[in-house]
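A.B. asks: Spelled out from the first residue to the last, the chains are:
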Amino acid sequence: MSWPPLFPLPIDPATAILLIPAIGVLLLVGLPSYKLGSRFNVLFAFATFLSSLYLLVERPPLGRYLFVDDLNIVFIVLGGFVAVTTSVFSASYIGHELETGRLTPTNQRFYHAMYQALIFSMNLALLANNIGLMWVAIELATMTTVLMVGMYRTHAALEAAWKYFILGSVGIALALFGTILVYMAAQPVLGEGYDSMVWTTLVAKAHELSPDLLNVAFVFLMLGYGTKVGLAPLHAWLPDAHAEGPTPISAVLSGLLLNVALYAVLRFKMLLSANPNAIAPGPLMVVLGLVSLIFAAFMLYRRRDIKRMFAYSSIEHMGIITFAFGMGGPLANFAGLLHMTMHSLTKSAIFFAVGHIAQVKGTQRLAEIRGLTESHPALGWGLVIGVVAIAGMPPLGIFMSEFLVVSSTFARQPLLAVPLVFGLMVGFGALMLRLTQVAFGEPSGGMAPVEASYVPLYSHLALVVGAGIYLPGPLVAWFQNVARLLG
Amino acid sequence: MERFLLDVAHLLAGGLVLTSFMLLYQTRMSSLLAVFALQAVVLTLSVAWQAHVQNAPHLYITAGIALVLKAIIIPYALSRVVRSLGIHRSIETVGGIGPTMLAGMGCVALSMVVMLKATATANPLAREDLAFALSVVLLGLLMMVTRRNAVSQIVGFMSIENGLILAAAGAKGMPLVVEISVAFSVLVAFIVIGVFLFRIRERFDSVELQALDDFRGERR
Amino acid sequence: MAVSATLAAIAVLLGTAALAIAIHRRPFATVLIYCICLGVCLVLLALAGTSLIERGPVQHLTLPIGLPWLGARFRIDALSAFFQVVINLGGAAASLYALGYGRHEEAPGRVLPFYPVFLAGMNLVLVADDAFTFLVAWEFMSLSSWALVLAHHHDRENAEAGYIYILMASFGTFALLLAFGLLAGPSGQYAFGDIRDMAHAGWLEGLVLVLALVGAGSKAGLVPLHVWLPLAHPAAPSHVSALMSGVMTKVAIYGFIRIVFDLLGQPRWWWSLVILGLASVTAVIGVLYALMQRDLKRLLAYSTVENIGIVFIGLGLALAFTANNMAAPAALAFTAALFHAFNHALFKSLLFFGAGAVLTATGARDIEKLGGLILRMPQTAFVFLGGVLAISALPPLNGFVSEWLMFQAVLLSPDLPQWGLKLAVPAVGAMLALAAALSAACFVRAFGIVFLGRPRAPEAATAIETDSASRASMFTLLGLCLAAGILPGLLIDAIAPVAAGLVGQSMPPQASISGWSIVPVAESRSSYNGLLVFGFITVSTLVTIQFIHRFASSALRRAPPWDCGFPSADPATQYTADSFAQPVRRVFGESVLLARDEVDMSPPGDPRPSRLTVTVRDVIWETAYAPISNLISRTAEQLNHLQFLSIRRYLSLVFGALIVLLLGVAVWA
Amino acid sequence: MGLILDLAVQGVQMVLVLALAPLLLGLTRKVKARLLRRQGPSLLQPYRDLVRLARKEVVLAENASWLFRSGPYMIFAATWVAAALVPTFATGLHFSWTADLIAIAALLGTARVFLALVGMDVGTSFGGIGSSREMMFASLAEPAMIMIVFVVALVAGSTQLSHIAIFMQEHASLRVSLGLALVALVIVALAENARIPVDNPATHLELTMVHEAMVLEYSGRHLAVIELAAALKLLLYVSLIGCIFFPWGIASGEAGPTAYAIGVATYLVKLAVGGFLLVVLETSIAKMRVFRVPEFLGAALMLGLLGTLLLFVSRTF
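Sequences listed follow chains A, B, C and D, in order.
The first sequence begins at 255 in my numbering and counts up one residue at a time.
The second sequence begins at 607 in my numbering and counts up one residue at a time.
The third sequence begins at 8 in my numbering and counts up one residue at a time.
The fourth sequence begins at 24 in my numbering and counts up one residue at a time.
Where hints are given, some of them may not hold.
Computed footprint of chain B on chain A; a stretch qualifies when at least three of its residues, placed anywhere within it, have a C-beta under 8 Å from a C-beta of chain B [claimed, not checked]:
| no. | region |
| --- | --- |
| 1 | 286-297 |
| 2 | 419-426 |
| 3 | 465-478 |
What follows is a set of in silico ranges between Cβ atoms, one per label pair, in the way DEER data are often shown [claimed, not checked]:
| no. | chain 1 | residue 1 | chain 2 | residue 2 | range |
| --- | --- | --- | --- | --- | --- |
| 4 | A | 687 | D | 314 | 52 to 58 Å |
| 5 | C | 114 | A | 289 | 36 to 42 Å |
| 6 | C | 606 | D | 193 | 57 to 63 Å |
| 7 | B | 667 | A | 702 | 41 to 47 Å |
| 8 | A | 290 | C | 651 | 39 to 45 Å |
| 9 | C | 193 | A | 723 | 25 to 31 Å |
| 10 | C | 490 | D | 291 | 40 to 46 Å |
| 11 | D | 80 | C | 490 | 36 to 42 Å |
| 12 | D | 314 | C | 529 | 42 to 48 Å |
Just so you know, the hints here were simulated from the structure itself, not pulled from any lab data.
This structure is a prediction, so every number in the text was calculated from the model and none was measured.
In this text, a Cβ means the ideal position worked out from N, Cα and C, and glycines have one as well.
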């Protein structure tokens, strides 16, 4: 391809994926009609996704504020896609909520505006070429999700949002302190002012920065952004936020926000691993990852609420991903990226299914949902495929990443693989136990047919299955570059 | 001269830590808010001093923000809330004052050790500042952990923010971005908290976290 | 070429599954789907058979799927070809049987789509040539069979069985995954070819052996990993049970052979000690539990455990001989193992088909409700009897030949240098004989209670003979059992290239020997001629019958049974299955089987009936699995409190983490 | 020429065992009677019984199946084939390579399984008792038999009876292992032939009988065939012991008529002695309770195993 096709908009795509949602916010705040609102929501999300696709073709030159490299483009495109499918899903979901009166028209205006705001802030966080800017963006994202989680204004929802807000803000504070420390470390080398907060310059000069300050900084950043990633013991907000908010938000949280926070952690990991004298960030991440994995795996057993259960499974998988990146090395990093991608797709697909299930059955309590494959075959089997995928069974995508993580770990650090496999087994047992109860046996609860499009659900599942069988060459090459970047 | 500048900066930062301890020590909501306002004033002074020392004028803005927002508006608003809820008298702390103070000491010591070791190369002004800032942050966190009451937790959270501002101010030549973001986040924080207090009052007649915590995810 | 053809056939199977999803509601779906499966299985059988017979070269193929930088490697060598023959033979028989049996299926939508996928998965395992593809196919197989086990999911037991099954399956997969991880090394050389070429450290090989034993054993049903098997195999529809029991376990054996004999290089002698110990225990425990079962299909499943034990005994001997560079005996033992695997695929499928026929005819799985079916379903009874004789290792059928070969291999053990093996192997031989004799007892019980005597329940009294397709399939299998029994030489020669490839030598060619008899080592040492034995028995039977009918009176009178003068019309006075097993229960009794007989004898003068209640629990489950599951649930219960903390406590968690990490940084360096 | 001779020998052997079996039975009964100070029936009584049974009509239970009617012939055929393959008076049996010792044991197993099955066919409680006990005994007797085979095979380097016999003839030596094996084989033989102390061939006290219980429903020609099979089995075991442990006088493959004559003579003597010893043993001990039998057979198994192990020891020096 000699000349990239001209980008349809007068601005460069990087700016576009920020501008489009920003406009969306302003527009959607004012739109009273639900139908129009949801349509426009999908439209804006789709436009954003398209422009992010254009980034693959041609990258705008490095800016002082925004930049695009192999690492964040992965997250941007993935996020764009999940945002589109989720907006499609939320169109039908919110419609149903309005009918049942759980939401008011004001809510839905607010909801759609916030949705766009979330997309905006996440893209900003990913594109930011400045640790301060990234911090701001992530905070913005947190705030918007807090508001959306509390949207039902039920006792439980408020409690969840409050918990999320308090823990989130503490995380914010810690992250900010870490950021300041990084600046302090950079300032003697890069001089005062803006340059000391720019990624590209920071990474370039990483080996000259004071290692001790970086160590302390990484502790704060790991805890601060780790709170957003939902690593145990900082996870407390995550299950409730997933369980009590509107299901599209659960999907977005698991599919996108966790990834964005993880992206921040990875950036700083790159910074540290570029500095020979600093502590290797790997062990810390490995430990946190294992703790989250095993803890979440055990927590899965006693769950009564279906959404909360899958929220814990998100913690489990974030643990696996953190573990993989902590292990480092081309294989493990590749596996981590793959796992992250697959988990976003699968988990959001599961939440799509769960959302409709909760709507038709009129409950989120696991005990009251039975025999789905019989009462709602399309939903039930969709859920089965999703859970089987999330449990890491072939031929679905997550199996490939788990295969790489486990086997490479066992070959390098056999003792580390033991707790890893243990946690995976325990979690697998819990998921399968619940799946057997929910999907099979005598059907119970509401039998009404679902009026919703299965497109989001099955498009995700198709991608996951496809990826499990065949990964396109360019994608692989691209992942391998990133894996090398991560060192 | 250099020495004097340092000492004053040191004094003010130390004062901030001191006020944090006072916060920990308070047992009455109204006095808690008062002390918080005091801390904000001290913060303002120290930031202003930093501005003077580093002759970085933009820091005066930060100082201004701190003064207006933290020393006046927030305490006032919170005390309104507190009175309207009629909980201005008591705060029940966890584990008593004494142990809390000891823990606070521990935190300060820890932050000193960590920071002074880490910033051996940085310029002395920044060193002192960072060490104190870290202890203020830790103390604020400690306060959030040892108070059962929403408002006092919010106060604890704000004192964490104070620590951050102190650190940011200490960081020589740190661009305005950060201060604005801090102010902005505090603003957002306050708004959201306000919203929440409001909603919470709609539902329960207090901001006791117990009332929130009785749900805790899944009924057991 | 053969590889691509095989893959094409597998693709057809997958397409069939898609088709089944589309049309499973139509009336003709069942017949159509099973016809396609039958055809594809026959094609695969032909492909594998030709490449095995004409000893074609090893063939490779790499597709650009699977692991990106590796691709999906496929390869067909003698070993794969042999097991493909076994599997597709079973698959074809099952499909033929299902043409009739499948019509009774109440939920075809839950069987038809997964059945072809299951077949495809098993075939895929056999042709996979890199760790990733192998594991994908392996889990694919487990997954599809899991779905089939859950076909009748309304039954609580089945749901539990499915759960335990999938759990054990993925446990095994993890073990294999770790094994491959070790073999592939940090750089991730997952292609089997590279693994073969690599040299491995000693401890590593030992670990890989254990992991392979766990991984393949959990699928094959090696004690103590067998617990899922007697639950899951009976839960599925009978033709699927036949596939799982008769065929899928063979895939597991293939996996074990592939890793230990092919990838792992020169074995150590103590490996064989481990395997022999496990295997002989498996054989005896399996048959003992089979002898205790009242559910016909569960009985068959337990007997599968026993036969797997026998096969592993053969493999263990082969390892022992290979470790000491005794190629000829190794070839003998290896051939015996594969021979038995082949036989088991035949007669176990046959028996499961019979069980399925009985199930559809009577609707009763509890054999205490059956009886006298030989009069109602004479043909089924006949083939089932054949299967019973075969699985009880009785001449002139095939079961005997493989066990005879195995005994011959055992008899060569004194030449082994290691004392441990010298002393262990004869004991293993005794266990083998014990297992064989017990399985004879077990199947006499099964056949006697189900088919002989008088009906114990109305269901049995009104049974009717099963449909023609099922019978055709069963008779075919019986014919194959007989053929393999009387002409074993052909099969041994077919196995020869496999043995040559893996243990370095093959048994002497048998086809050349006069009169179709088989000579494992030397004419002077031992030989067996199934054809002649069969001929002898037939001839002498005919002679006797002729003689009797010539010279004896042919008068015959029907009368009530004599029964020592006290005939009772009540079928309840017959010997029951539990009472038949009672002597063995008493001998091997409480310790091995956790068997309890509670006799509740009513005091004199009390008209209340006395009862004997028999409970048999799986000792392995009680001692190994129950504790683990309890431990996990208790831990979960404890940790669950963390869901219900207050925000303040969560904050203190964060605070604690921060302090700990800061301390860490403080003390670091 | 040699082939014809071998075939002739084989044929003679088949007829001979058939002809001698009832005689051995008669002998044991006669001797037993004498030892009990009774007159006892004539030696030929078993033949007479068989003929009488063959002449009687068959009384068949109403629900007896085809298996019940064809069973006796299967049992008889399997036993006969097994008996025909054990060298009695000459080793040069043409078909001896058809089946080795293991196969012969297995053939007897076939017969046993059919016997146990027909016992359950009519659906009486006694048949069931008999079958279940028979199978329980067998499940212990067979491993013991295999152990014996091991001992012999390890000594003689073959499981082929003709070769074993020849080997024993040539280098016969007193070996502890062989002694143990002999004892074990005797125990197995007692159990397999339903003799005292395991079972009482003469009893009709229902609860104690095993073999009789299984054939309880048979009558007429069927019973005759089964009785003959039982007699054959006894003969088989005696001649098995003879050919393995006392192979003297057995004519080798290409011997002259005199050798064959000697072979037959010695064989008859062996049978007589064997039968006599058997009876002496039977009369000197009492029948044991059913659940003592497993220990009895277990002893045989242990002896066999011990023999194998001792063999290794003795081999090493």
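A.B. asks: A separate judgement is required for each hint: does it hold in the structure or not?
C.D. replies: Going through the hints against the structure:
| no. | hint | verdict |
| --- | --- | --- |
| 1 | 286-297 | violated (count 0) |
| 2 | 419-426 | holds (count 5) |
| 3 | 465-478 | holds (count 4) |
| 4 | A:687 x D:314: 52 to 58 Å | 45 Å, violated |
| 5 | C:114 x A:289: 36 to 42 Å | 41 Å, holds |
| 6 | C:606 x D:193: 57 to 63 Å | 59 Å, holds |
| 7 | B:667 x A:702: 41 to 47 Å | 59 Å, violated |
| 8 | A:290 x C:651: 39 to 45 Å | 43 Å, holds |
| 9 | C:193 x A:723: 25 to 31 Å | 26 Å, holds |
| 10 | C:490 x D:291: 40 to 46 Å | 42 Å, holds |
| 11 | D:80 x C:490: 36 to 42 Å | 40 Å, holds |
| 12 | D:314 x C:529: 42 to 48 Å | 44 Å, holds |
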